[in-house]
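Chain order of the listed sequences is G and F. Per our numbering, the first sequence starts with residue 1, numbered consecutively. Per our numbering, the second sequence starts with residue 312, numbered consecutively.
It is worth saying that the hints were derived from the structure and are not from the lab. Ideal Cβ positions, reconstructed from N, Cα and C, are used throughout, including at glycine. Please note that a few of the clues may not be correct.
[Stated by the list, open to error] Stretch-level coverage of chain G by chain F, calculated; a stretch enters the list once three of its residues show a Cβ under 8 Å from a Cβ in chain F:
1. 43-50
2. 111-119
3. 174-187
4. 204-210
5. 214-225
[What the hints assert, rightly or not] A few chain G residues facing chain F, derived, Cβ under 8 Å:
6. 61
7. 134
8. 136
9. 160
10. 171
11. 197
12. 201
13. 240
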Amino acid sequence: MSLLKTAALVLLLVLLSAPAFAQFDLSGTWASRSNQDDMERGAGPDPVDYLGLPLNDEGRAKALSYNYSMLSLPEYQCGYLTPFYIVLGPFGLRIWSELDPVTGRVIAWKIGGWVDRDVTTIWVDGRPHPSPNAPHTYGGFTTGVWEGDTLTAYTTHMKASMIRRNGAPVSDQATMTMHIMRHGDFLTIRAVILDPVYFSEPYVRSRVWMRDPTVNLGNGVSSPCEPIAELPPSDTASVVPHYLPGKNPFVNELTEKHNIPREAVLGGAETMYPEYREKLTGYVPPAICKRYCGCGGLGVPCITDGSGIPR
Amino acid sequence: MAITRPTRVISKSWLAGLMILAAAAFAGPFQVSSNELDVVEVRSDFYMIAGAGGNIAVQIGPAGVILVDTGVTEKSDKILAAIERLSRGRIRYIINTSTDADHVGGNEKLSKAGQTILGNPGSSGFSDDVYSNSGAASVLAHENVLTRMSALTGQRFPFAIWPTKTYAGRAYPMYLNGDGIQVLHMPAAHSDGDSIVFFRRADVIVTGDTLDTTRFPVIDTAKGGSIQGEIDALNRLVDLTVPPFPLAFREDRTYLIPGHGFVCDFADLVAYRSMVTIIRDRIQDMAGKGFTLQQVKAADPTQGFRKRYGADTGSWTTDMFVEAVYKGFAGKGPKR
Chain G
1 MSLLKTAALV LLLVLLSAPA FAQFDLSGTW ASRSNQDDME RGAGPDPVDY
51 LGLPLNDEGR AKALSYNYSM LSLPEYQCGY LTPFYIVLGP FGLRIWSELD
101 PVTGRVIAWK IGGWVDRDVT TIWVDGRPHP SPNAPHTYGG FTTGVWEGDT
151 LTAYTTHMKA SMIRRNGAPV SDQATMTMHI MRHGDFLTIR AVILDPVYFS
201 EPYVRSRVWM RDPTVNLGNG VSSPCEPIAE LPPSDTASVV PHYLPGKNPF
251 VNELTEKHNI PREAVLGGAE TMYPEYREKL TGYVPPAICK RYCGCGGLGV
301 PCITDGSGIP R
Chain F
312 MAITRPTRVI SKSWLAGLMI LAAAAFAGPF QVSSNELDVV EVRSDFYMIA
362 GAGGNIAVQI GPAGVILVDT GVTEKSDKIL AAIERLSRGR IRYIINTSTD
412 ADHVGGNEKL SKAGQTILGN PGSSGFSDDV YSNSGAASVL AHENVLTRMS
462 ALTGQRFPFA IWPTKTYAGR AYPMYLNGDG IQVLHMPAAH SDGDSIVFFR
512 RADVIVTGDT LDTTRFPVID TAKGGSIQGE IDALNRLVDL TVPPFPLAFR
562 EDRTYLIPGH GFVCDFADLV AYRSMVTIIR DRIQDMAGKG FTLQQVKAAD
612 PTQGFRKRYG ADTGSWTTDM FVEAVYKGFA GKGPKR
C-alpha cells in the first residue's frame, strides 16, 4: 500500500471514528428557579436603573427617553420581548423537538413561548440564516450546532426591544449566542448578547432551570393579546409619550432610595464587573431598605410592612 | 440573485473526493454574494428585490408582472433577469412611489421589456403613444412626479423614464392579478409626489421612501417634503397596517416593503414612526425656545437614534435630516 493510500485510509478512519457529538434530549418542562437576578424576575427594575448593562451613550440616551406611558398606546400594548427574555424573564421553559418526517432526525429544537415572548426555533439541520432584508420577528431566526455536550445557538433577525423592562434598549441589529447545557435534571443557558448600536461590550447572562414534569407551562405558545385604547383617539393623534433630553423625572430616584451614585445608576460596561465596586468605596447603604433588599428567591422574606426589615 | 450553491468541479481522484467530503463536513452556511441582487419572498407570488437602489416590489399573477419602482438605471439588466427567473409573465404595469432616481431609473428598460395591458398596439384605433405607451408597460405615478421630472429646472430626467400615466388627488385604484390595488398619495411627506401602494389581497404595502429602515427619513423639502407630512404618512400607514393581534405569534399580518432596508411589519413601522415623532418633538421644543439651527445641531436631537439611522457622510446625513425637520418649526414660536 502506497504512502498516499495509507494516509488517505488514516484520514478516512479518523473521519469515521470521530465520536458522535453528544446530543442531549432537551425536551420536557423546565421549571424556573428564581435564585438569580431577582430584580429581573419579579415586578421589574426601577424606572432608571441601568446598573450592570453595557449601554453606550446612544443606549443610555434612548433609555432615558423612555416613558412608561408609551404602553398606553394601543400599538405598543401587544408587543413581545425578544428571545433575550429566555434568560432574563421569570418563566419556565417548555422545550420540544421537531423531527424530519422521513428520517426521524431532529431538525429543530423549539423553546416554547410565554405571555410576552414568542417561540424560539433553533434549526439544527444546517440551513443558513435568511438575507439581511428578510423580516425581523419577535422570535428571531436561530440556528444551532452541537459542540460536544453543548448546543450552541445563534440568533439574528430580532426586533428592536428592551434588554431591561425599564426602556433600556436593544436594537434590531443585535444578535445572541446561547450555549445550552443539560446536566441531568438541570438546564443551563448562557447567553451572549451583542448589539453594535446600543452596547459597548457583549452582555452575558446565564440562568438555570430544573426539570419538573409537573410544572404547568401551558401549550408552549404565547398568549393572545388585544390592545385597548385608553385615551380618545383625538387626544392621541401623532403623540408618542417620551421624555425630552434631561427631563426624565426618575433619573435620581435610585440614588435617593439606595444612595447609589448616579453614574452607576446610568450603567455602562464598567458597571458590569466586580472591580467596579472598588469605585464605590464611599458607598453607605440606606438605613432602611424597602425594595430589592434580598427578598424573594434566596429564601429571605420580603418586606411587607414598610419597615425596611425583612420578616 | 443567487439561489443555488455553485457546483464544484470534482477530480476523479478518490483521494480528492475524500478530501472534499472532509471539507464539506465542516463547511459553514452558504452566503449570498453581496454583489448580487437579493430576492426576498414576501408572500407566495410576491417578492422584494433589494440591492438595485430602492427596493422593488414584484407581484405575479395571471395578467403578468406588476412592479412597484424600478431601481437604478445601471442595474436594469440584472433586475430584468431576476424578474424573469421569478415569472415567465410579461411586465404589465409599473408604479413609481416618487421621483427619486434610485426608484425610477429602470423605468425605460423594464417597461419596454413588458407589454401594455391597455390593448395590442395598433389594434385599438387609438394612438399607440397616448393610449398604450407604444406597447410598453404603463408607468403610473402621482402627477407631481411627472411635473417634477419634466420640469425645465432642477434634476433632469430623460424623457424615456417619465411616467406614462399619472393620477391626481388622493388615490388611484385598480384591480389586477386578482388583487385590489390602491395607489395612495402621501402629500408632503418624503416629497409632494409620494405614493404608497396597497395590495389588498396580498396584504402588502409598498411604502416608498416614507419608510426606510436604513436611515432617517429623507425629507426632501426642495420637492415639497415636510416633517409633519412624513409623520402623517407614517401614521396613515399605521392605520392601514394590520398587526398580528390577537394571535401575535402567528405569521398572519400585513407586510410592508420599505423604500430601503428589510421587509417590515406593524411593530417595525411603529418603532420607526415613534423615532421620527420623538425627534420631531425634540427639535420643535428647541425651536420653540429660540434655538438656532446650529444650536439645535450642537444639542444632538437625534441622540439615541443616531447610531442606528444616522450618517455623517453620504447623500443623506444626520445634519441634513435635522435641518429638514428644523425648517418645519423655525420662527413658529414656542411649542404648544
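Verification of the supplied hints:
1. Counting residues of the segment 43-50 of chain G whose C-beta sits closer than 8 Å to any C-beta of chain F gives 0, which falls short of three, so the coverage hint is violated.
2. Only residues whose beta carbon comes within less than 8 Å of a beta carbon in chain F count, and the segment 111-119 of chain G has 3; three or more means the coverage holds.
3. Only residues whose C-beta sits within less than 8 Å of a C-beta in chain F count toward coverage, and the segment 174-187 of chain G has 0 of them, not enough to reach three; the restraint is violated.
4. Here's how the segment 204-210 of chain G fares: 0 of its residues keep a CB closer than 8 Å to some CB of chain F, so the rule of at least three is not met and the hint is violated.
5. Judged by the Cβ-Cβ criterion of 8 Å, the segment 214-225 of chain G is covered by chain F as claimed, because 4 of its residues qualify and three suffice.
6. Taking 8 Å as the C-beta contact cut-off toward chain F, the hint placing residue 61 of chain G at the interface holds, the least distance being around 4 Å.
7. Because the smallest distance between the Cβ of residue 134 of chain G and any Cβ of chain F comes to about 6 Å, under 8 Å, the interface hint for this residue holds.
8. Satisfaction of the interface hint for residue 136 of chain G is found here, the shortest Cβ-Cβ separation to chain F being roughly 6 Å, below the 8 Å cut-off.
9. Interface restraint check for residue 160 of chain G: the shortest CB-CB distance to chain F comes to about 5 Å, inside 8 Å, so the restraint holds.
10. Annotation: residue 171 of chain G was flagged as interfacial toward chain F, and the flag holds, the nearest CB pair being 6 Å apart, inside 8 Å.
11. For residue 197 of chain G, the interface hint holds, since its Cβ comes within 8 Å of a Cβ in chain F; the closest pair sits about 5 Å apart.
12. The closest approach between the C-beta of residue 201 of chain G and any C-beta of chain F is roughly 15 Å, which is over the 8 Å cut-off, so the hint fails.
13. For residue 240 of chain G, the shortest C-beta to C-beta distance to chain F is roughly 4 Å, which falls under 8 Å, so the interface hint holds.
In summary, the structure is inconsistent with hints 1, 3, 4 and 12 from the numbered list given earlier, while agreeing with the others.
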